[in-house]
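As they're listed, the protein sequences go chains A and B.
One point on numbering: in the numbering used here, the residue at position 208 of the first sequence is 208, and numbering is uninterrupted.
One point on numbering: in the numbering used here, the residue at position 79 of the second sequence is 79, and numbering is uninterrupted.
Among the clues, some could well be false.
[Unchecked claim] Covered stretches of chain A (chain B as the covering partner; in silico rule of three or more C-beta atoms under 8 angstroms from a C-beta of chain B):
1) 40–46
2) 56–65
3) 112–123
4) 160–168
5) 249–260
6) 269–278
Simulated from the structure, these hints should not be mistaken for lab results.
Idealized CB from N, CA, C, for every residue including glycine.
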Amino acid sequence: MRRLLLLLLLLGGVGVALVAAAQWEVGPLVITREGEQKIIFRFNEARVATRPGWTLRLGLPVIERVERYDARWLYLNTETQSIQTKDGEQLQIDNYVIWRIEDPKQFRTRFPSGPRDAGERIDRIVRDDVREVVGRHTLGEVLEGRRKEIMAEITERTRGMLSEFGIDVADVRINRTELPAGTEDSVYARMKTERERLAKKNRAEGEERARRIRAEADREARVIVANADRDAEIARGEGDAQSAQIYAEAYGSAPEFYSLSRTLEAYRKAISQNTTLVLSPDTEFFRYLRGVEGDAKAKSRK
Amino acid sequence: MAGDAENVAAEEQVQRSVARTLKNGLLFLIVVVLLSAWAYLGFYTLQPGQAAILLRLGRHAGTVSEEGLHFSWPPPIVAREIVNVSEVRSEDFGFRGRESEDTARDELLEATMQTSDNNIVRVPFSVQYAIKNAFAARFRVAEPNAVVRDAAQAAMREAVGRMTVDGVLRERREALVSEVRLLLQDVLDSYDSGIEIQAVQLGDVQVPAPVRAAFDDVVAATQDASRLMNEAEGYRNEILPSARADATERREAALGYRDAKIARATGEAMRFAAIAAEHRKAPEVTEKRLYLETMEAVLPSIDKVIIEPGAANLLPFLPLGRERGSAER
């Protein structure tokens, strides 16, 4: 019983010791952490590429050797370069690459001196690809709609080029495009004229609409007044016609008497204070002026 | 002496067994102390917002994110990485606030972008992000901050490149923000970065200083245009009611005229009819009466000359030219 316990303890202790030793890459156990991968060499020959977890080896010093590589997605910002687009515009393009060591053994054979060389190579390849692909498109395509496709194309191309280096590429992305210094001024000039044109257009259109509103208002006002005038004339006409009819009906029933009474009424109006009337005593009114008998003569005159 | 020897032997035996027991006890004690000391290393506490990534012999064996005391196999069996996950990080692009002489050229460039209509705008912005997957953020991507920085710029440029300058400056700012956020999140997810974009904020979006006046003028022009239209509307609102009032006046006046005319005609007709009725009853007398009444009314106020019919030759001597008014019968 005690022996068994001791044995277990011993085994556990040895195990822990081995694991601890693996931290310094000593002993038969190789521990690969997440985010890294290791190559185990024997006599300078890459034998095994590890994945996260533990791997056994012989553990002989000098003969065996372990190299550690990053397994994470790595970030690389390539140098800004000036590229001519299909339509002859110069563009300053800055891009970045997300890449990873996919096959460390292959990677090691292509870049024996380490990842620094790899970075330079990737930088060169990516920049060539970008120049190549961007050069086949116009400035407009690069800047707007087709940017996504262009980047996908570059990524695909770069991935193909780098796969033989044991490298996987997740993304090549243009993060910055600039017009080269000096051309800015011409862009500004164009922007300015464009804005001036827009401003003029806005003002002119505003005036157009304003004048239309005024003109329509004027028209409406005129029509309103004219319609009223029409109605007014119609009403006046009705008034005149109806009154004429009323008069005609009334006076028509006694034309003789109308003539008399209307004439007399007219006298009242026509003969005023400033009138001098030369009258004959023969008139009806003065019939009795010369006496009650003298009326026959006057009557005949009337 | 033999007894002595036996005693010594027994004593030695006792001593040896005591020593062995002591030794065993000591060993046990050491083992226990060592084991518990090692086990003690397996305890760890997590503060709020922290997560522990556990690597058992290098492999990912789980992520613990509840705060409090936890236990795992102690190192080196299980290695722990404690990561702060609740912290919101921020990346700023371009200057915050207004552009000035001492704004570094690099900062300017960071925010300088081209729109689909080939205008240059300065779009300073910031991105807030946090870790949504501690394991991925720690072990899948080498430089998450740099990746966020460049990917954010790429996303913003892509989104701005699809918009017109007016869209970026005014109309579609909200759309721009949400589009950048989606684009950026997509890109970051495609690298399995474990990063979550929480917010994208636009700063003071402007056109470059040399063309700002021209842009402002367009805004002013729009305002001018709407001012003109407002004035025109005002004119319309003024002129139409007055026209309607005019129209009503004219209509009413005409109606008044009509009704008055008819009323008057009716009245006069009635009056005439009444008199005519009387006249019919006694024509002679009525005619005479009317005549005399008229004369009575007319004659008193006027100058009258009564001349015999044979005395017409007297006419030249009358002062007829004295006044304009003259009448004859």
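- For this structure, which hints from the list above don't hold up? 1, 2, 3 and 4
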